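Protein chains in written order, with the numbering used here: chain L, 104 to 856; chain V, 13 to 124.
By construction, these hints were calculated from the structure, which means they are not laboratory data. Just to be clear, a hint being listed does not mean it is correct.
[As the list claims (entries may be wrong)] With a Cα cut of at most 30 angstroms, we get these calculated DSBU-like pairs of lysine-lysine:
| id | chain 1 | residue 1 | chain 2 | residue 2 |
| --- | --- | --- | --- | --- |
| 1 | V | 91 | L | 635 |
| 2 | L | 595 | L | 635 |
| 3 | L | 627 | V | 91 |
| 4 | V | 102 | L | 627 |
| 5 | L | 516 | V | 29 |
| 6 | L | 240 | L | 251 |
| 7 | V | 29 | L | 635 |
| 8 | L | 635 | V | 102 |
| 9 | L | 706 | L | 385 |
| 10 | L | 335 | L | 115 |
| 11 | L | 335 | L | 444 |
| 12 | L | 536 | L | 516 |
| 13 | L | 115 | L | 385 |
| 14 | L | 667 | L | 733 |
| 15 | L | 536 | L | 444 |
| 16 | L | 251 | L | 444 |
| 17 | V | 29 | L | 627 |
| 18 | L | 398 | L | 335 |
| 19 | L | 667 | L | 516 |
| 20 | L | 627 | L | 351 |
| 21 | L | 625 | V | 29 |
| 22 | L | 385 | L | 733 |
| 23 | L | 558 | L | 516 |
| 24 | L | 847 | L | 751 |
| 25 | L | 667 | L | 635 |
| 26 | V | 102 | L | 625 |
[To be verified] Residues on chain L that point at chain V, a partial pick, calculated with CB under 7 angstroms:
| id | residue |
| --- | --- |
| 27 | 429 |
| 28 | 579 |
| 29 | 584 |
Owing to the predicted nature of the structure, the values given are computational and were not obtained by experimental measurement. The C-beta atom is built at its ideal place from N, Cα and C for all residues, glycine as well.
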Amino acid sequence: MGTRERRDRSNKFDHELRVLFSNCANEHLQKPTSLCLTAVGGYGRGELAPGSDLDILILHDGFESQGAISNFVNSFLYPLWDRGISIDHSIRTRSQTREIARSDIRVGLGLLDIRFIAGNEDLHSDVSSDAIESWHKGRDGFLPQLRKSIQEREARFGELAFLLEPDLKEARGGLRDINAIRAIEKSGVVTVSLARLAESEALLSNVRDVLHGDKKRARDQLLLTEQDRIAKIMSFKDADELMGEIAKAARAVDYLMDLTWHRIESAKKGWFNKSKSEQIGKGLIVLNSEVTIEKNYEISSDPGIGFRAAATAAQRGLPLAIDACILLAENFTPLPNPWPKSVLDDLVSLIGAGNSMIRVFEALDQEGLVEKWIPEWSHIRFLPQRNVLHRHTVDRHMLETAVRAAALTRTVKRPDILLVAALFHDIGKGYPKRDHSEYGEELMKPLAERLGFSKVDTEQIALLVREHLLLSAVATRRDLDDPATLNFVIRKIGDPELLQLLHSLSISDGEATGHAAWSDWKAKLVSNLVEKCLSVMAGVKPVSQPDLIPSGELSAEIEVTIAKSSENTDGLEISIIARDQSGLLSAVAGVMTISRLNVRSAKTRTTNNIAMMRWQVEPDANTEVPSVEKLVALIEKVLSGESDLASKIEERINNHRNYPGIPTPPPLVIAANDLATNATIIEVRMHDRPGILYSVTRAISRFGVDIKSAIVSTLGAEAFDTLYVTDFAGEPLSSERAQLLATKVENILITHL
Amino acid sequence: MKLITAIIKPFKLDDVKEALTAFGITGMTVSEASGFGRQGGHTEVYRGAEYTVDLIPKIRLEVLVDGSEADKVIDVIVKAASTGAIGDGKVWSSPVDNIVRVRTGERGTDAI
Numbered sequence: 104m105g106t107r108e109r110r111d112r113s114n115k116f117d118h119e120l121r122v123l124f125s126n127c128a129n130e131h132l133q134k135p136t137s138l139c140l141t142a143v144g145g146y147g148r149g150e151l152a153p154g155s156d157l158d159i160l161i162l163h164d165g166f167e168s169q170g171a172i173s174n175f176v177n178s179f180l181y182p183l184w185d186r187g188i189s190i191d192h193s194i195r196t197r198s199q200t201r202e203i204a205r206s207d208i209r210v211g212l213g214l215l216d217i218r219f220i221a222g223n224e225d226l227h228s229d230v231s232s233d234a235i236e237s238w239h240k241g242r243d244g245f246l247p248q249l250r251k252s253i254q255e256r257e258a259r260f261g262e263l264a265f266l267l268e269p270d271l272k273e274a275r276g277g278l279r280d281i282n283a284i285r286a287i288e289k290s291g292v293v294t295v296s297l298a299r300l301a302e303s304e305a306l307l308s309n310v311r312d313v314l315h316g317d318k319k320r321a322r323d324q325l326l327l328t329e330q331d332r333i334a335k336i337m338s339f340k341d342a343d344e345l346m347g348e349i350a351k352a353a354r355a356v357d358y359l360m361d362l363t364w365h366r367i368e369s370a371k372k373g374w375f376n377k378s379k380s381e382q383i384g385k386g387l388i389v390l391n392s393e394v395t396i397e398k399n400y401e402i403s404s405d406p407g408i409g410f411r412a413a414a415t416a417a418q419r420g421l422p423l424a425i426d427a428c429i430l431l432a433e434n435f436t437p438l439p440n441p442w443p444k445s446v447l448d449d450l451v452s453l454i455g456a457g458n459s460m461i462r463v464f465e466a467l468d469q470e471g472l473v474e475k476w477i478p479e480w481s482h483i484r485f486l487p488q489r490n491v492l493h494r495h496t497v498d499r500h501m502l503e504t505a506v507r508a509a510a511l512t513r514t515v516k517r518p519d520i521l522l523v524a525a526l527f528h529d530i531g532k533g534y535p536k537r538d539h540s541e542y543g544e545e546l547m548k549p550l551a552e553r554l555g556f557s558k559v560d561t562e563q564i565a566l567l568v569r570e571h572l573l574l575s576a577v578a579t580r581r582d583l584d585d586p587a588t589l590n591f592v593i594r595k596i597g598d599p600e601l602l603q604l605l606h607s608l609s610i611s612d613g614e615a616t617g618h619a620a621w622s623d624w625k626a627k628l629v630s631n632l633v634e635k636c637l638s639v640m641a642g643v644k645p646v647s648q649p650d651l652i653p654s655g656e657l658s659a660e661i662e663v664t665i666a667k668s669s670e671n672t673d674g675l676e677i678s679i680i681a682r683d684q685s686g687l688l689s690a691v692a693g694v695m696t697i698s699r700l701n702v703r704s705a706k707t708r709t710t711n712n713i714a715m716m717r718w719q720v721e722p723d724a725n726t727e728v729p730s731v732e733k734l735v736a737l738i739e740k741v742l743s744g745e746s747d748l749a750s751k752i753e754e755r756i757n758n759h760r761n762y763p764g765i766p767t768p769p770p771l772v773i774a775a776n777d778l779a780t781n782a783t784i785i786e787v788r789m790h791d792r793p794g795i796l797y798s799v800t801r802a803i804s805r806f807g808v809d810i811k812s813a814i815v816s817t818l819g820a821e822a823f824d825t826l827y828v829t830d831f832a833g834e835p836l837s838s839e840r841a842q843l844l845a846t847k848v849e850n851i852l853i854t855h856l
Numbered sequence: 013m014k015l016i017t018a019i020i021k022p023f024k025l026d027d028v029k030e031a032l033t034a035f036g037i038t039g040m041t042v043s044e045a046s047g048f049g050r051q052g053g054h055t056e057v058y059r060g061a062e063y064t065v066d067l068i069p070k071i072r073l074e075v076l077v078d079g080s081e082a083d084k085v086i087d088v089i090v091k092a093a094s095t096g097a098i099g100d101g102k103v104w105s106s107p108v109d110n111i112v113r114v115r116t117g118e119r120g121t122d123a124i
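Turn these sequences into a full structure, and let the hints guide you.
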C-alpha cells in the first residue's frame with residue numbers, strides 16, 4: 104500500500120515489458136525502430152493498483168507489413184496472457200490515434216497520460232504532443248462531453264462521501280473524478296490547484312490497494328463487510344474513522360470539481376477575463392461571479408463578515424470564493440458571545456437559502472471555519488452512520504435536512520427556529536453512551552444561547568431537538584384514534600405553533616434520510632397525528648397588536664426621529680408620528696425602499712387618527728443615511744402624488760433580479776378574522792426582497808380598507824408581515840371579502856416576484 | 013390452502029405479528045397501504061381551511077396457511093388487531109390453487 108508500492112509495481116512491469124518488447128521486435132520485425140510501446144491511463148501515470156489492468160498502446164509508423172506486426176503482437180502478448188496478466192491493448196499509427204482521440208473522449212483522456220516504455224521514442228513524443236494539442240483545441244467540445252459523463256457516472260454510482268458502500272473509483276469525489284480534474288487542468292481553460300488533490304488521491308488509492316489485496320481484477324466497491332478488515336490493516340481506530348477519512352477526501356475532490364466547473368462557466372461568459380467586480384454589501388464584492396471579500400478589507404475588525412459573505416453568496420445562488428474562505432481562516436476573529444443579532448440573521452439566511460447553501464457551507468467547512476465558529480460541529484463532521492436507514496454522514500444529513508426545511512419555512516411561524524433546529528437536530532450523535540436526542544438537547548441549549556436566541560426561543564429549539572423523532576414514532580406505533588395518544592403528544596408539545604415546527608422538522612428530517620425511513624404513507628400518518636392534535640388544541644393564537652400609543656398632540660403633520668438601533672449594530676431606529684391618511688403606510692414603506700433603508704422589522708398603530716410607527720432599518724452598504732428633513736420631504740411628496748414612487752421601486756426590484764437567485768417557495772397570504780382585536784388579520788409570508796411592504800400595503804389601501812396596525816419582521820431571508828385591517832366603519836371584513844383581499848395581495852406578490 | 017389478507021391499523025402490526033408467531037406462523041408479507049371503508053376518511057377544519065383526508069394509511073398483511081387452519085388464524089388476527097373503534101380494518105381469506113417454494117421447488121402445503 105502506498106504511492107511507492109504502486110510505482111514499484113509499475114516499474115516492475117515496465118522492466119518486464121521492455122525486455123519482452125525488444126526480444127520480440129528483434130525476432131519479428133525488419134526494422135525494430137518502427138514500433139514504440141507506450142502506457143496510457145493509470146499505468147501511464149506510473150501508478151498501478153494490484154488489481155488494475157495494464158493499458159498499453161503500441162504505435163507503429165506503417166513501415167512494417169500487416170503480417171509482421173501481427174506476428175510481433177502475438178509473440179508479445181501471448182506470454183503475458185498466459186501468465187494471467189490482464190492487458191488492454193491497441194495498435195495504431197500516429198494518424199489513427201489522432202483520429203480516434205478526436206471522436207472518443209475516453210481515448211483522448213487516456214492519451215493525456217501517455218508514457219514511453221520502449222522502442223522508438225520519437226513516435227511517442229509526436230503522439231503525446233498531438234494528444235495535448237487536440238485536447239487543447241477541442242476543449243469546447245470535450246469539456247461538455249466530460250461533464251455529461253461525470254454527471255451520468257454520479258447518477259449511477261452516487262456520492263463517495265455519503266454512501267455506506269461506495270465505489271472508490273467511479274463514485275462522485277472518487278479516483279476517476281481526480282483524473283477528470285487533472286484533464287480539465289490540462290485543457291488550459293482554467294487553473295486548478297492540483298496540490299489540494301494529492302492527499303485525497305493518496306488516501307483513496309491506498310484504500311483501494313488494500314481492498315484489492317492480491318486479487319486479480321478486484322472490484323472497487325468498498326462493501327460494509329470489508330470495512331473493518333481494511334481499517335485494521337491501515338491502522339485506523341475503527342471502520343468509522345476509515346469511512347470518515349474517505350468522506351473527507353472525497354469532499355475535497357467534490358468541492359474542487361464544483362469550483363472548477365464554476366470557473367469554467369465564468370470563463371465562458373467572459374467575466375473571468377474582464378474581472379468585473381460589483382459591491383454587494385459592506386466589505387463584499389462579486390468578482391468572477393463568486394462572492395468574495397474586498398481587497399484590503401479589515402477582516403479582524405468585523406467578525407460578522409464570514410456569515411455575511413456566506414449568506415450573501417447563498418441567497419444570490421453564487422459560490423463563496425475559495426480565496427475568501429482562506430482569508431477568513433487566516434484572519435480568523437472569534438464572534439462575541441452571544442452572537443450579534445445581525446450575525447444570527449445571516450446564519451438563518453444562509454441556512455434558509457436551500458440547495459445553494461450546501462455549496463457555500465462546504466466551502467466554509469473545507470477551510471475549517473464551521474468548526475471554529477461552532478465547536479460542537481467537530482464531533483459530527485464526516486461522522487458516518489452505520490445504519491441501513493441513512494444515506495449520508497451526520498453533518499451532511501443535517502445540511503440536507505436544512506435544505507428540506509427551507510422549503511417548508513412558510514408552514515411555520517418561526518422559520519428561524521425551524522432552520523436552526525434542522526441544522527442541529529442530530530448534533531448529539533456519535534456519543535455511544537448517550538441517547539442522541541437527549542444529549543442533543545443538552546448541547547443545543549448553550550449553543551442556541553450563544554447564537555443569540557432569547558431564553559424562550561432557546562427552550563423551543565432544544566425541545567425540537569429532543570423530540571425530533573416523537574411524531575414519526577408515535578404516528579406509526581400508537582393508536583391515533585385514542586385520545587390518550589393525542590394527550591401524550593400535547594403534554595410534550597403544548598403549543599400549536601411549536602407542534603407545527605416539529606411537524607415541519609419531522610418532514611425535513613424524514614425526506615433527508617431517504618426512502619427507507621420516509622414515504623408518502625408515513626408522511627400521511629404523521630400529518631394525521633398533527634391535525635388531530637391541533638384540533639384538540641383548538642386554533643392558533645394570532646400575534647397581538649403592537650402596544651404603541653401616541654402621547655399628547657401632534658406638533659407637526661409628520662414628525663420623524665432617527666436614532667442608532669438598539670437591536671442591530673449597523674442599524675437605525677426610525678420613529679414616525681403622523682396624522683393618519685389613506686396610503687400613509689405604503690408611502691412610508693416606499694420611501695424606505697427608495698432610500699435604500701432595508702426594513703428588518705416595523706410596528707405601526709393608528710389610534711384616534713394618529714399613526715405611530717417604529718422602524719428598524721439597515722442601510723445598504725455605502726449608502727448615506729438621509730436626514731430627517733429629507734425623509735419628511737420625501738414622504739410628503741409621495742403623499743401629495745408628486746413623486747412617482749412605483750417606477751423607482753420597480754427599478755430597485757429589477758436591480759435585485761440581476762443575480763442567478765435561488766428557488767424559493769411562492770408567497771403565501773392568509774386572511775383570518777380575529778374576534779379579540781375586532782379586526783381582520785392579513786398575514787403575508789414570502790422570501791425577502793425590496794419593496795414587499797410597499798406592494799402589500801398599497802394593494803390593501805386600494806382595496807378600500809383601513810390598516811389599523813402592522814407588525815413586520817424579517818427572519819433570516821423570510822419576510823413575515825401581519826396587518827390588522829378594518830373597513831372604513833372600523834368593522835372587520837366579512838370572510839368572503841377578507842378572502843378576496845388575501846387572494847388579491849397574493850396575486851400581486853406573485854406577479855411582481 | 014388459503015391466502016389470508018388483513019388490513020389493519022399501522023400501530024397494531026407488532027401485536028398481530030407477535031400473536032401470529034405465538035400461534036406458529038413463521039412467514040408473512042407486510043406492505044404499506046392506503047384506503048378507507050365505512051370510516052369514509054374524514055374532514056378536518058383548521059384555521060378556516062378544510063383538509064380532506066380521504067385515504068387513511070393502513071397496513072396490509074398477507075399469510076399463506078393450510079385450509080384447516082384458516083379460521084383459527086383469522087381469529088388470531090382479529091383478536092390482536094381489535095381496538096373496538098371504527099377503522100380497525102378487515103380480514104378475509106381466499107382459496108389458493110398452488111404454492112411453490114422458489115429455492116427448493118417444493119409444492120403445495122409443503123411450501124407453506
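Hints and how they fare:
no.	hint	result
1	91/V with 635/L	holds, 26 angstroms
2	595/L with 635/L	holds, 15 angstroms
3	627/L with 91/V	holds, 26 angstroms
4	102/V with 627/L	holds, 21 angstroms
5	516/L with 29/V	violated, 41 angstroms
6	240/L with 251/L	holds, 19 angstroms
7	29/V with 635/L	holds, 27 angstroms
8	635/L with 102/V	holds, 24 angstroms
9	706/L with 385/L	holds, 27 angstroms
10	335/L with 115/L	holds, 28 angstroms
11	335/L with 444/L	violated, 48 angstroms
12	536/L with 516/L	violated, 35 angstroms
13	115/L with 385/L	violated, 60 angstroms
14	667/L with 733/L	holds, 18 angstroms
15	536/L with 444/L	violated, 35 angstroms
16	251/L with 444/L	violated, 43 angstroms
17	29/V with 627/L	holds, 23 angstroms
18	398/L with 335/L	violated, 48 angstroms
19	667/L with 516/L	holds, 28 angstroms
20	627/L with 351/L	violated, 37 angstroms
21	625/L with 29/V	holds, 19 angstroms
22	385/L with 733/L	holds, 24 angstroms
23	558/L with 516/L	holds, 18 angstroms
24	847/L with 751/L	holds, 23 angstroms
25	667/L with 635/L	violated, 47 angstroms
26	102/V with 625/L	holds, 21 angstroms
27	429	violated, 49 angstroms
28	579	holds, 5 angstroms
29	584	holds, 5 angstroms
Of the numbered hints stated above, those contradicted by the structure are hints 5, 11, 12, 13, 15, 16, 18, 20, 25 and 27, listed in ascending order.
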